[in-house]
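Colleague: Starting from the given sequences, assemble the full structure and let the hints guide the process.
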Amino acid sequence: MTHDLAPQLFNGLVLGAFYGIVAIGLSLIMNLTGTINMAHGSFMTLAGYLAYTMVQRGMSFWVALIVAPLIVVIVGVLVERGLVRPLYKREPFYSLLMTFGLSLMAEEAFRLIWGPNGVPFSPPPALAGAAALGFMSFPTFRIFIAGVLIVAIVALALFLTRTRFGLRLRAAVQDTEMIAALGTNTQVLYAVNFGLGILLAGIAGVLAAGMLGLSPTSGNALLMPAFVTVIIGGMGSLFGSIVGGLLIGMAISLTTLFIPAASEVAMYILMAIVLLVRPRGLFGEEGIFG
Amino acid sequence: MKARAELIAGIVVVAILAAGPYLSPLIHVDLSIVSEVLVTALAVMSVNLLLGYTGLPAFGNAAYFGLGAYGAALSAKYLHVDFIGAVIIGTASALLGGLILAPFLLRRRGIYFGLLSIAFGQVFYFVAYRFTDVTGGEDGMNFPRPLVLGHYAINETTFFYVALAAFVGCLIAFRTVVRSPFGRTLVAIRQNEARVRYLGLNTDRFIFVALLISATLAGLGGALFGLLINFAYPLELDWHQSGFFVLMMILGGAGTVWGSLVGSFIYVIGKDIISTQTSYWQLYLGGLFVACVLAFPRGILGTLLARLNARPAAADSEPHG
Numbered sequence: 001m002t003h004d005l006a007p008q009l010f011n012g013l014v015l016g017a018f019y020g021i022v023a024i025g026l027s028l029i030m031n032l033t034g035t036i037n038m039a040h041g042s043f044m045t046l047a048g049y050l051a052y053t054m055v056q057r058g059m060s061f062w063v064a065l066i067v068a069p070l071i072v073v074i075v076g077v078l079v080e081r082g083l084v085r086p087l088y089k090r091e092p093f094y095s096l097l098m099t100f101g102l103s104l105m106a107e108e109a110f111r112l113i114w115g116p117n118g119v120p121f122s123p124p125p126a127l128a129g130a131a132a133l134g135f136m137s138f139p140t141f142r143i144f145i146a147g148v149l150i151v152a153i154v155a156l157a158l159f160l161t162r163t164r165f166g167l168r169l170r171a172a173v174q175d176t177e178m179i180a181a182l183g184t185n186t187q188v189l190y191a192v193n194f195g196l197g198i199l200l201a202g203i204a205g206v207l208a209a210g211m212l213g214l215s216p217t218s219g220n221a222l223l224m225p226a227f228v229t230v231i232i233g234g235m236g237s238l239f240g241s242i243v244g245g246l247l248i249g250m251a252i253s254l255t256t257l258f259i260p261a262a263s264e265v266a267m268y269i270l271m272a273i274v275l276l277v278r279p280r281g282l283f284g285e286e287g288i289f290g
Numbered sequence: 001m002k003a004r005a006e007l008i009a010g011i012v013v014v015a016i017l018a019a020g021p022y023l024s025p026l027i028h029v030d031l032s033i034v035s036e037v038l039v040t041a042l043a044v045m046s047v048n049l050l051l052g053y054t055g056l057p058a059f060g061n062a063a064y065f066g067l068g069a070y071g072a073a074l075s076a077k078y079l080h081v082d083f084i085g086a087v088i089i090g091t092a093s094a095l096l097g098g099l100i101l102a103p104f105l106l107r108r109r110g111i112y113f114g115l116l117s118i119a120f121g122q123v124f125y126f127v128a129y130r131f132t133d134v135t136g137g138e139d140g141m142n143f144p145r146p147l148v149l150g151h152y153a154i155n156e157t158t159f160f161y162v163a164l165a166a167f168v169g170c171l172i173a174f175r176t177v178v179r180s181p182f183g184r185t186l187v188a189i190r191q192n193e194a195r196v197r198y199l200g201l202n203t204d205r206f207i208f209v210a211l212l213i214s215a216t217l218a219g220l221g222g223a224l225f226g227l228l229i230n231f232a233y234p235l236e237l238d239w240h241q242s243g244f245f246v247l248m249m250i251l252g253g254a255g256t257v258w259g260s261l262v263g264s265f266i267y268v269i270g271k272d273i274i275s276t277q278t279s280y281w282q283l284y285l286g287g288l289f290v291a292c293v294l295a296f297p298r299g300i301l302g303t304l305l306a307r308l309n310a311r312p313a314a315a316d317s318e319p320h321g
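Those protein sequences? They're chains P and V, same order as listed. Sequential numbering of the first sequence, starting at 1, is according to the numbering used here. Sequential numbering of the second sequence, starting at 1, is according to the numbering used here.
The hints are simulated quantities; they were obtained by calculation from the structure and are not laboratory data. Since this is a predicted model, take the numbers as computed values, not measurements. Each residue gets a CB set at the ideal place from its N, CA and C atoms; glycine is no exception.
DEER-style ranges, computed between Cβ atoms:
1) I11/V <-> A261/P: 47 to 55 Å
2) I113/P <-> N230/V: 34 to 42 Å
3) L7/V <-> E177/P: 42 to 50 Å
4) I74/P <-> F231/V: 41 to 49 Å
5) S279/V <-> P120/P: 19 to 27 Å
6) H151/V <-> G115/P: 46 to 54 Å
Covered stretches of chain P, going by a simulated chain V footprint (3 or more residues, C-beta under 8 Å):
7) 27 to 41
8) 83 to 92
9) 103 to 112
10) 230 to 244
11) 265 to 274
Only some residues are given here: those of chain P computed to face chain V with a beta carbon under 10 Å:
12) S95
13) L96
14) L97
15) M98
16) F100
17) F227
18) A261
19) A262
20) P279
Modeller: Given below as structure tokens:
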């Protein structure tokens with residue numbers, strides 16, 4: 001059993017990076033507008049199915065990996081402008097209900113278009129097979145996934161800290177009214193922010209389709225771990241989401257190895273322990289949605 | 001004047017419901033579906049107390065509902081308790097679940113409370129899902145409906161009156177609670193919690209009690225639901241189910257006493273009728289969410305009450321926000 005440990009841990013890290021990136025997308029949207037996006041998983045599934053169809057039609061995986069998330073971003077921004085925006089002035093649970101309804105409809109639509117069962121979506125030949133990492137060998141596609149997710153997270157961090165727009169975005173989380181008074185168009189901020197969250201979901205969706213399978217509910221399966229990631233990492237902290245995601249990924253893969261029956265419950269136990277020790281999560285900031 | 005109107009309307013509604021066994025064939029609905037409306041309304045009430053009155057996004061009440069159902073199912077199947085015993089054990093399991101979760105949920109307000117409710121509620125789902133030997137796992141577990149005191153069998157008509165009695169009893173209790181100083185404080189917490197604290201009240205304590213009442217109410221609904229269909233399954237505990245309860249609450253009217261019945265009636269009967277017509281029930285359901293949020297944020301009863309009252313609605317019939 002112990003010789004399984006290293007690959008299993010690496011698996012956990014890749015899985016955790018998924019949770020982390022989905023959680024970051026959720027957090028971005030939640031922090032700025034107070035919207036818990038229950039349709040986040042549907043956007044992931046949509047990206048996966050779009051990429052699947054593109055590859056089916058003869059396009060290359062690499063094009064699909066870039067184009068599918070961008071299409072989903074357009075859909076996401078349209079949804080935000082058309083359906084979610086009218087709810088910003090109301091209690092936050094209205095937007096939760098709205099996106100919940102959207103996810104129900106999306107799930108049924110996926111079933112109608114792509115069939116109720118999962119479809120096979122395999123990584124391109126260049127990424128198939130396994131790579132030797134010295135002490136163990138590991139599927140190349142998963143190493144690729146880890147690479148893409150790291151690049152995406154670094155790019156996001158640079159965008160948020162090094163660009164003017166990112167600065168405005170972070171300032172708006174602190175005080176939207178002040179930012180608006182200083183002459184920033186907050187509606188544009190909202191739309192771009194939502195799109196950014198969906199972009200992360202889209203990229204993760206295509207990659208997850210290749211690793212975890214693609215079915216009408218596959219994206220939603222990542223939603224709950226992402227919620228737990230946000231809670232463990234602490235709301236409002238992107239770094240917390242990454243650490244939280246990796247922790248959960250490890251916890252899940254280790255319990256899968258040793259106590260398979262407890263693999264789903266593991267992350268909730270982790271969450272309860274973290275909350276007992278640090279009520280705001282590991283890196284939660286005081287005062288944000290206290 | 002208003003109280004008398006409500007009393008008369010209430011008596012009329014209960015009288016119509018009491019004739020359910022004779023009326024339900026007329027609208028081509030099974031009597032057991034009407035029983036389902038009544039027991040579901042209890043769970044919707046439990047959400048209403050937290051979300052409609054106290055302003056806490058209770059997106060995890062399916063956990064208590066499911067605990068009630070599983071409590072009843074497991075005790076009937078393995079402990080061979082009678083009907084009343086199963087109801088009591090089911091409700092008590094939900095209360096116990098509430099006692100375990102409340103310390104975690106109490107720490108947060110707003111969407112963070114919602115997030116925690118969703119996440120913690122899901123624990124019970126996975127427990128039921130995984131303990132296949134005891135709970136039947138994904139397939140759920142069926143069990144024979146226990147007899148009352150070990151002697152008297154309960155048929156669909158009798159069950160309907162049991163459900164009706166439970167509903168009326170809970171409605172009266174609910175109305176009493178939300179109109180009491182305690183209930184008024186909950187509404188005050190929704191409107192401005194900081195201010196309530198400045199008045200010297202420990203709001204955590206009020207929310208704690210509200211959570212326990214809510215868990216008990218949802219648990220009773222769940223126990224009766226389990227006994228109604230003689231079946232318990234993990235999806236009862238799932239966060240989707242919690243979302244459906246919230247939808248029903250909004251549909252009926254948040255923060256209204258009778259809204260729970262209206263919402264539950266439309267949802268349960270609508271689901272029964274539509275799902276026989278089409279297999280895409282979920283598409284309509286999702287559309288209902290979207291339409292309800294955009295067009296009917298006050299709910300049906302909430303909108304009606306606001307229309308009826310020329311003067312601004314009283315605190316408890318005021319829509320959320």
